[in-house]
Structure formats: structure tokens, C-alpha cells
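In order, the protein sequences belong to chains A, B and C. Just so we're aligned, residue 1 is where the first sequence starts under our numbering, counting upward by one. Just so we're aligned, residue 1 is where the second sequence starts under our numbering, counting upward by one. Just so we're aligned, residue 1 is where the third sequence starts under our numbering, counting upward by one.
Simulated from the structure, these hints should not be mistaken for lab results. All values derive from a computational prediction rather than experimental measurement. Heads up, the beta-carbon is just placed ideally off N, CA and C, and yes, glycines get one too. There may be inaccurate statements among the hints.
To be verified - Not everything, but these chain B residues come out facing chain C in the computed CB check (under 10 angstroms):
#1 V125
#2 L221
#3 L225
#4 A337
As the list claims (entries may be wrong) - Derived DSSO-like pairs: lysine-lysine, alpha-carbon spacing no greater than 30 angstroms straight-line:
#5 B:K236 x C:K166
#6 C:K271 x C:K6
#7 A:K236 x B:K166
#8 A:K271 x B:K188
#9 A:K188 x C:K166
#10 A:K166 x C:K236
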Amino acid sequence: MKPLLKDIRQNPLLWLLAFVPVVFAAAKLKPDAQTLLFVLSVLAIAPLTVLLSHATESVAAKTGDAVGGLLNATLGNLAELVIALTALRAGQYMLVKAAIAGPIVVNTLFILGVSFLLGGLKHHVQEYNRVSARMQAGLLFLAVVALLVPSAVSHVDTASSGFTQKLSVGLAVLLVATYGLGMLFSLKTHRELFASAPPAEGGEAPWPIGLALGTLAGVTLLIALVSDIFVESVQKAAEAFGMTPAFVGFIIVALVGAVSAMPTAFSGARKNRLDLSVGIALGSASQIALFVAPVLVLVSYFIGPTPMDLQFWPGAVVMILIATLTATLVTNSGRSAWFVGVLLLMVYAIFAMTLYLLPPRAQ
Amino acid sequence: MKPLLKDIRQNPLLWLLAFVPVVFAAAKLKPDAQTLLFVLSVLAIAPLTVLLSHATESVAAKTGDAVGGLLNATLGNLAELVIALTALRAGQYMLVKAAIAGPIVVNTLFILGVSFLLGGLKHHVQEYNRVSARMQAGLLFLAVVALLVPSAVSHVDTASSGFTQKLSVGLAVLLVATYGLGMLFSLKTHRELFASAPPAEGGEAPWPIGLALGTLAGVTLLIALVSDIFVESVQKAAEAFGMTPAFVGFIIVALVGAVSAMPTAFSGARKNRLDLSVGIALGSASQIALFVAPVLVLVSYFIGPTPMDLQFWPGAVVMILIATLTATLVTNSGRSAWFVGVLLLMVYAIFAMTLYLLPPRAQ
Amino acid sequence: MKPLLKDIRQNPLLWLLAFVPVVFAAAKLKPDAQTLLFVLSVLAIAPLTVLLSHATESVAAKTGDAVGGLLNATLGNLAELVIALTALRAGQYMLVKAAIAGPIVVNTLFILGVSFLLGGLKHHVQEYNRVSARMQAGLLFLAVVALLVPSAVSHVDTASSGFTQKLSVGLAVLLVATYGLGMLFSLKTHRELFASAPPAEGGEAPWPIGLALGTLAGVTLLIALVSDIFVESVQKAAEAFGMTPAFVGFIIVALVGAVSAMPTAFSGARKNRLDLSVGIALGSASQIALFVAPVLVLVSYFIGPTPMDLQFWPGAVVMILIATLTATLVTNSGRSAWFVGVLLLMVYAIFAMTLYLLPPRAQ
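All chains, please: the whole structure from these sequences, using the hints.
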């Protein structure tokens with residue numbers, strides 16, 4: 001436990017862990033204070049995702065490069081997956097889909113934008129490895145296109161639900177298969193093309209394997225339990241704050257889920273290692289499209305009230321496509337300056353504003 | 001006045017200034033000859049925009065680099081802005097929106113296309129500065145995406161006008177803020193990335209400051225007065241010529257407004273300075289999206305009969321997106337040959353043809 | 001005839017020529033066995049397209065570079081054109097349009113994907129000539145955009161058929177003119193930018209001119225006759241197999257028509273000559289958009305029951321756009337590895353699956 005406690009002392013974000021017991025207590029004592037529960041659960045999930053990502057890295061560090069890489073890649077979006085699974089079990093498909101679309105937009109616009117802005121404020125023009133950035137952007141583009149084909153093709157042409165259902169399952173199988181091949185590609189045959197995480201520094205030394213595995217299991221369970229409270233309270237809280245469900249799912253949940261990736265991405269940009277920031281942002285977005293989304297569709301046949309399809313509402317399709325295309329075009333040049341970050345953040349702000357103002361019935 | 005008269009003697013385009021008094025006389029004597037007034041006002045506006053751009057450059061040259069660049073950039077699309085403001089005051093929102101969308105398409109397809117064609121007929125393959133072209137294309141892409149997000153997201157989802165109204169105002173504020181940061185970027189922190197206009201040659205020596213300021217004020221007033229006649233006559237004239245309002249706004253007004261940018265862009269291409277042509281075309285298009293469009297929205301709260309939103313009709317959204325994406329992809333390679341120009345012009349011709357044939361009720 | 005017979009002995013694909021007499025016999029003896037006739041006609045068309053392409057190359061080889069290139073380019077998609085003309089005469093516009101859209105998608109996703117995959121399995125990372133690949137991708141992008149503008153602009157705005165009709169004719173004229181200029185560009189002024197076919201090897205020596213011309217004429221006639229049987233049987237056969245007409249046109253017909261291009265493209269990739277594969281795939285797709293499509297529109301005024309327009313159903317527009325944009329972005333980097341091929345094929349598989357599942361009334 002010592003390394004864990006040391007980490008907590010050193011990382012102020014982890015002090016928020018205090019909210020984990022608070023949210024459970026509050027759920028017991030004031031089960032109807034939905035707005036309070038919502039705020040508390042958001043505050044509790046954020047540090048848990050940081051802990052989860054450190055535990056994953058520690059396990060990965062112990063198990064050798066290939067298996068470690070696999071673990072890191074597969075568990076990298078575990079928090080998002082757990083939250084989405086909870087929403088799935090509760091039958092809140094709107095929230096599940098926002099939990100797929102949101103992280104793609106957050107990674108390609110917000111994390112990339114802040115990285116470019118922070119890096120650009122320190123360095124005049126930043127250059128990064130064009131070859132790998134381009135290939136990763138290409139993979140992301142294709143992955144997202146694959147995810148969106150059914151929405152794009154079918155929302156115009158048909159509303160027959162049998163069609164969408166069958167298509168979503170077939171698509172999920174194809175996406176997962178592609179994800180497997182992608183792992184083979186990035187971890188085995190062409191690993192040199194992908195930026196690897198830097199050796200952990202200072203207080204972030206890998207934990208002993210026992211502690212890491214225990215933390216992984218314990219924290220996942222805690223996230224699941226807090227997600228329960230979060231999903232239950234989100235609707236009421238959104239109403240109380242005057243926020244639309246789309247805004248909560250797309251923006252709030254996605255930002256909370258991405259908290260753990262931010263420190264590495266942003267400090268990489270400050271250290272003029274934009275490769276790392278771009279790799280994290282694009283890799284994470286690809287993973288949501290190729291792994292989290294299809295797993296949710298397939299799992300919905302077992303745990304949801306009814307099967308879920310991959311039909312997104314038209315506005316979400318437009319946002320995902322624009323975000324991905326933007327990231328593809330922007331990273332294409334392998335150079336960045338602060339204003340590129342400003343523009344990415346502006347597009348993100350416009351999305352957020354649109355979702356905030358969108359009348360609920362239109363979603 | 002001498003330098004002004006010298007300019008007029010040397011530049012045949014300025015001989016069209018003779019139409020300025022003619023159009024005022026005609027408006028007095030034959031207020032109902034709408035078709036005549038339309039033709040005369042078009043012929044009068046064209047040379048005025050050339051004069052305006054020369055006056056702006058002269059003021060810019062006198063005020064030093066930073067302020068001069070700011071003036072040049074901000075007043076570069078003054079003619080378009082004045083015409084659009086006149087249409088706004090008359091409540092002709094269709095024409096105002098065409099005056100936003102048209103110049104974006106004209107710059108990215110027509111001016112770029114003619115530049116590539118003229119340059120390519122003289123030089124086998126032309127190379128230009130890829131770094132700045134890419135960055136400018138990236139800025140343009142993001143600016144246009146920002147402009148279109150509300151149309152793209154909302155035309156599918158909702159027609160609630162309260163939503164579109166609020167979104168348009170919020171968006172306008174964001175766009176103007178981004179424009180300010182963009183000025184800081186291109187004129188101060190990263191000015192070396194942006195192609196600067198070449199020193200004026202021959203007959204185009206900068207005017208004395210007094211003449212320049214006087215011309216600026218006088219010509220702006222004249223354009224406003226001629227625009228009045230233009231906007232009033234355009235609808236009737238369009239009918240007489242069998243043209244749709246969309247065609248007039250998108251094609252005729254936009255081409256007239258862009259006349260002043262053409263000589264520099266085209267002669268740059270002939271002199272194998274494609275950097276300059278690409279900079280003018282992409283910069284001008286960005287400026288419309290980031291500055292002219294939001295200013296019109298905000299101003300509409302004070303001078304229009306009702307506030308204007310940024311909702312474009314779907315066909316315009318498609319055209320703007322295609323034009324921008326095309327310019328982004330084409331300038332991405334940093335090389336050009338004559339056939340690239342032909343293809344850009346063909347896409348422009350197809351847009352023009354589509355608008356010409358489009359039944360008016362569909363717009 | 002000796003070189004022809006030698007070719008047939010050496011190329012197992014040509015053994016399928018045996019199905020040509022079989023399909024005629026079957027059409028006479030069992031005119032109602034639609035499913036059988038469909039399968040036989042597909043098996044007969046495939047080797048005929050191979051023969052046609054060899055005959056075209058032989059004529060081209062004899063007539064010198066410029067005329068030869070022109071012939072090669074113009075007759076390169078002759079098989080697709082003949083099949084589409086037969087469908088046009090039968091008034092099956094759905095099939096004609098699928099025969100335009102299908103080959104674009106097959107070339108940009110399937111042929112490119114298999115080339116990248118086969119090449120990547122043999123070579124770790126393949127580099128190819130970025131300059132020409134980019135220019136060709138740019139041309140393809142613009143050509144496809146031109147083809148789609150009317151569908152994109154008008155399907156949202158109007159259903160007035162007079163408008164679509166007039167627009168399609170005007171567009172066809174523009175496209176054919178552009179095609180002519182494109183020939184001038186790629187065969188005369190800038191021929192060095194375009195990968196030329198490698199000298200024929202081994203058994204594929206050019207035939208004597210008499211044999212080549214005779215084969216050209218004879219095979220074209222045979223393809224026309226077999227197409228007749230194919231077009232007549234396709235609807236019934238599709239029903240029997242549970243396939244939608246869109247799937248048959250988009251996938252089956254397009255794959256059959258592209259058979260002749262596959263050996264060269266795939267063996268080029270294996271020999272690390274990706275330039276060749278990319279050139280074939282992108283060039284062939286451009287040709288469909290700039291030449292085959294407009295010719296079909298113009299010819300429809302003479303041979304079809306009613307004139308045909310260039311309005312595609314929305315799903316086809318999305319697929320063509322995505323396929324073209326994907327090819328443009330992927331070839332932009334000038335590098336490839338096996339996983340890029342996998343992703344292209346996955347997008348293709350998703351399109352195929354979507355079309356297979358799509359309820360017929362939605363098409």
C-alpha cells in the first residue's frame with residue numbers, strides 16, 4: 001500500500017478520492033438529492049480513473065512489452081467502458097451513445113487542442129513525427145468511418161429497426177476483428193511506428209504487481225458502484241442545472257472519463273513531445289470506435305433491457321465526422337503552433353454550446 | 001488627387017468609375033428600370049472595390065507593419081461587408097447569407113482555380129511554400145467548420161428558431177474572438193508563416209495618407225450608396241434575366257466583390273509566386289467566415305428589421321464544405337499544374353450551373 | 001489466333017471462356033432458369049473483360065504512345081460501359097447508377113485495399129511516389145465531387161425532375177470536356193506524372209494488330225450479348241439469392257467488371273511497385289466519374305426508354321464520398337503497411353454488408 005499512499009500524497013488530483021466514501025454515504029443518507037449525488041459522483045470518478053490508469057500501467061510494466069502493451073491498450077478506456085455498461089444496464093441508450101461519441105470528440109478536439117495550445121505557448125512552432133501521426137490519423141479516420149457508415153447510410157434511407165439491429169451486430173463483429181488485427185499491427189509487426197509512453201518519472205514508479213492487480217480490481221469495482229449513482233442521478237441533475245442529456249453525456253461524462261489521459265498528454269506537449277500527446281489523443285479515440293463501441297453493442301444482448309444498435313442521431317454523426325476529419329487534417333502537417341490549438345478548442349466550444357442550447361426533444 | 005488620377009489613367013478597370021455617376025443619374029431619372037440599374041450598379045461597384053483596396057493598402061503602408069497588417073486584413077473585405085450590410089438593412093437575409101457563402105466559394109474555387117490555370121499555362125509544375133499553405137488551409141477549414149456547425153447540426157434536428165437565434169449569437173461572439181486571436185497570430189507571433197503582399201510596383205505606389213484616408217471614406221460611402229440601388233434592383237433584375245436570387249447572390253455579387261483581389265492573385269501566379277495567390281484566396285475566405293459573418297449577425301440586432309441567424313440552406317452548406325475541403329486537399333501538396341486549375345474551375349462551374357437551374361422555391 | 005490460344009493456355013482465368021458458349025446455350029434451352037443464367041453470365045463476363053483488356057493493350061502498343069494511351073484510357077472501362085449500356089436500354093436505371101457508383105467504390109476500397117494488404121504482407125513498409133499519387137487522388141476527388149454535386153445539392157432541396165434532368169445534361173457535357181482536357185494533361189503535357197503500365201511480360205506479349213482489333217470487336221460484341229442475359233436475369237436471381245438489387249449492382253457487377261484490372265494491380269503491389277497499383281485504382285475510378293457516367297447520361301437520350309439523370313440515392317452518395325475521401329487521405333502519405341489494407345477492406349465489407357441488409361424499398 002505504501003507506493004499507493006505516496007502517489008496520493010504527491011498528486012493533488014488524487015485527494016479527490018475523499019469524495020468516494022462521501023458519495024456512498026450521501027447515496028445512503030440522501031437518496032433523493034440527485035443534484036448533489038451527481039456532483040459528488042463526478043468528483044469521485046475523476047480520481048478513480050487516474051488511479052485505474054496508473055494501476056494498468058504498473059501491470060503492463062510487469063508483464064513485458066507485448067502483453068503489457070495489449071493490457072494498456074485494452075484497459076486504457078476501462079473507465080469509459082464501465083460507465084457506459086452501467087448506463088446500458090439501466091437502459092439509458094442515449095447516455096451510452098453519448099459515452100461513445102463524446103470521448104471521440106473530446107480526444108480529437110479538446111485534448112489535442114489543449115496540447116497544441118500549451119505546447120505552442122512554450123515553443124514557437126512544434127514539429128512531431130509525421131509518419132506515425134499520419135498513420136494513426138488514417139487509422140482513426142477509417143475506424144470512425146466504419147462506426148458511422150450505418151448511421152450515415154441508413155438514417156436517410158430507412159427507419160426499419162430490424163435492419164439497423166442486424167447491421168449493428170455485423171458491424172460490431174467486424175470492428176472487434178479489426179481491433180484485434182490493429183493490436184497485432186501496433187504491438188507486434190509495426191510497433192516502431194507508434195509512440196511509446198515515456199518511462200514513468202519521479203513519483204510515478206510502477207507499483208508492485210500485487211498492489212497493481214488489487215488496485216485494478218478494486219478501483220474498477222468502485223467505478224462501477226459510483227457509476228450506478230452517477231447514471232441514476234444524471235437525468236434529474238441535468239434538468240436542475242438546465243443542461244440537456246446530450247450535453248451531459250457528450251461533454252461532462254466524456255471530460256470526466258478523459259481526466260486520466262490529460263496529465264501525460266499535456267505535459268508531453270509542454271516538453272515538446274507532441275508525438276506523445278497526438279498518440280494518446282488519436283489512439284484513445286480509435287480505441288473507442290474499434291473496441292468500446294462494438295463491445296457495448298454485443299454486450300447489450302445480454303445485460304440491457306433491449307439490444308442496442310449503432311444508430312447515432314444526425315447531429316452526433318456530424319460532430320464525430322467533423323472532429324475526426326479535423327484531427328486528420330490538422331495532424332497531417334506534423335507541425336503545430338498555438339493558434340491551431342485555439343481553433344480546435346473553438347470547434348469544441350461550438351459543439352458544447354450547440355449541445356447546451358439544443359432543445360431536448362431534438363436529440 | 002494626382003496619384004489617384006494617374007492610377008485611373010493606368011488601370012483600365014478604373015475607367016468603369018464613369019458608371020458611378022451614371023448609376024446615380026439613372027436611379028433618379030428612371031427609378032423603375034430595375035434591370036438597367038442592376039447592370040449599372042454592378043459596373044460601378046467593381047472599380048470602386050479596386051479603389052478601396054488600393055486606398056487600404058496605402059493607409060496600411062503608412063501606419064507601419066503591425067497596424068497596417070491589421071487594417072489590410074480587416075478592411076480587405078470591406079466591400080463585401082458594405083454590400084451585405086445594405087442587404088441586411090433591407091431585410092434581404094437570403095442575399096446577406098449568399099454574400100457570406102459566395103465569397104468563400106469564389107475564393108477557394110474561382111480565384112484559386114484561375115491562379116493555378118494561369119500559372120500552370122506558363123510554368124510546367126509550380127511549387128509553393130507548403131508549410132504556410134497548409135497552415136492557412138487548416139485555419140480556413142476550421143473557420144468554415146465553425147461557421148457551419150449550427151447549420152449542419154440543427155437543420156437535421158430542429159427548426160426551433162429560438163435555438164438557432166441564441167446559437168448564432170453565441171457563435172458570432174466566439175468567431176470574432178477567434179478572429180482577434182488569429183490577427184495576433186498572423187500579424188504578431190507567427191507573422192513569418194504568412195505570405196506578405198509584395199512591394200507595390202509601378203503605378204501602384206502608395207498614396208499620400210490624406211488622399212488614402214479620404215478615398216477610403218469617400219469610396220466606402222459611394223459603395224454604400226450604389227449598394228442601395230443594387231440591392232433594390234437585384235430581385236427584379238434577376239427575374240428579368242431568368243436568374244435565381246441564389247445565383248445572383250452566390251455568383252454575381254461574390255464575383256463583383258472579389259474583383260479587387262484578382263489582379264494581385266493572378267499576376268502572382270503568372271510570376272510563379274503561387275504563395276501569394278494561395279495566401280490571398282485562403283486568407284480572404286477565412287476572413288469572411290471569422291469576421292464578416294459574425295459581424296453581420298451581431299449588427300443585425302441593431303439595424304435589421306429582425307435579428308439574423310447563421311442558418312444556411314442545405315445546398316449552401318454542401319457547397320461551402322466541398323469548396324473548403326477541396327481547397328484544403330488541393331493546397332496540401334504544395335504543387336500545382338494547369339489541370340488542377342481546370343478541375344477547380346469545373347467544380348465552380350458546376351456550382352454556378354446548379355444555382356442557375358435551381359427552382360427558386362427550393363432555395 | 002496462335003498468340004490468343006497461347007494466352008488462354010497460360011492464364012487459368014481465361015479457361016472460364018468455356019462459359020461463354022454455355023451461357024448462350026442455356027439462354028436458348030432454359031430461358032426461365034434466371035438464377036442459372038445469372039451465375040453463368042457472371043462467369044462468362046469475367047474472362048471476357050480480361051481478353052478485352054489484353055486486346056486494348058495490344059492495339060495501344062501498336063499505335064504509338066499518345067494514341068495508345070488514349071485508347072487504353074478510353075477503352076479501359078469498356079466492359080463496365082457495355083454492361084451499363086445494356087442496362088440502360090432495358091430501362092434499369094437503378095442498375096446503371098449502381099454500375100457507375102460500384103466501380104468507384106471497388107477501385108478505391110477493394111483494389112487499393114487488397115493491393116496494400118498483399119504488398120504489406122511481403123514488404124514491411126511500402127513507399128510510393130507521393131507526388132503523382134497525390135495529384136491523382138486530387139483529380140479523383142474533384143471528379144467525384146463534380147459527379148455528386150447535383151445529388152448533394154438537390155436531394156435535400158428539390159425533387160423537381162425537370163431541374164435534375166437539365167442539370168444532369170449540363171453536368172455530363174462539363175464532365176466530358178474535363179475528361180478531354182484530362183487526357184491532354186496525362187498523355188501529353190504532364191505524362192511524366194502518371195505511372196505507365198510496365199512492359200508486358202512473358203505470355204502477355206502484344207498481339208498482332210489484326211488479331212487485337214478483331215478480338216476487340218468480337219469480345220465487345222460478346223460482352224454486349226452476355227450482358228443482355230445478365231441484365232435480364234439479375235433481378236430474379238437477386239431475389240432467389242436473397243440479395244438486394246443495390247447489392248448486386250454495387251458489389252457483384254462492380255467486382256466482375258474490375259476483374260481485368262486486378263492481376264496487374266495486385267502483382268504490382270507484391271513487386272513493391274505500389275505506384276502502379278495506386279495508379280490503376282485511382283485512374284480507373286476517375287475515368288468512371290469523368291467519362292462513363294456522363295456518356296451514359298447523354299446516350300440515354302437516344303437509347304433508353306426515358307432520359308436518365310445523375311441523381312444518386314443518398315446512401316450511394318455517402319458511400320462514394322467516403323470511399324473517395326478515404327482513398328485521398330490514405331494515399332496522401334505515400335506510405336503503406338498491411339493494416340492500411342485491412343482497414344480499407346473493412347470499410348468495403350461494411351458497405352457490402354449494409355447493402356446486403358438494406359430493405360429493397362429503401363434503395
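These are the hints, each one checked on the structure:
1. Of the supplied interface hints, the one on B:V125 holds, with its beta-carbon coming within about 7 angstroms of a beta-carbon of chain C, less than 10 angstroms.
2. At a threshold of 10 angstroms, the smallest CB-CB gap from B:L221 to chain C is about 38 angstroms, leaving the interface hint violated.
3. The interface hint given for B:L225 is violated, since its Cβ lies 35 angstroms from the closest Cβ of chain C, which is over the 10 angstroms cut-off.
4. Proximity of B:A337 to chain C holds as hinted, the smallest CB-CB distance being about 6 angstroms (cut-off 10 angstroms).
5. A C-alpha spacing of about 24 angstroms is found between B:K236 and C:K166, which places the hinted pair at or below 30 angstroms, so the restraint holds.
6. At roughly 25 angstroms between alpha-carbon atoms, C:K271 and C:K6 fall within 30 angstroms of each other, so this suggested pair holds.
7. Restraint check: the Cα-Cα separation between A:K236 and B:K166 comes to about 24 angstroms, which is no more than 30 angstroms; the hinted pair holds.
8. Straight-line distance between C-alpha atoms of A:K271 and B:K188 comes to about 24 angstroms, which keeps the hinted pair within the 30 angstroms bound.
9. A C-alpha spacing of about 56 angstroms is found between A:K188 and C:K166, which places the hinted pair above 30 angstroms, so the restraint is violated.
10. Pair hint A:K166 plus C:K236 holds up; C-alpha atoms about 24 angstroms apart against a cutoff of 30 angstroms.
Going through the hint list in order, the structure does not satisfy hints 2, 3 and 9.
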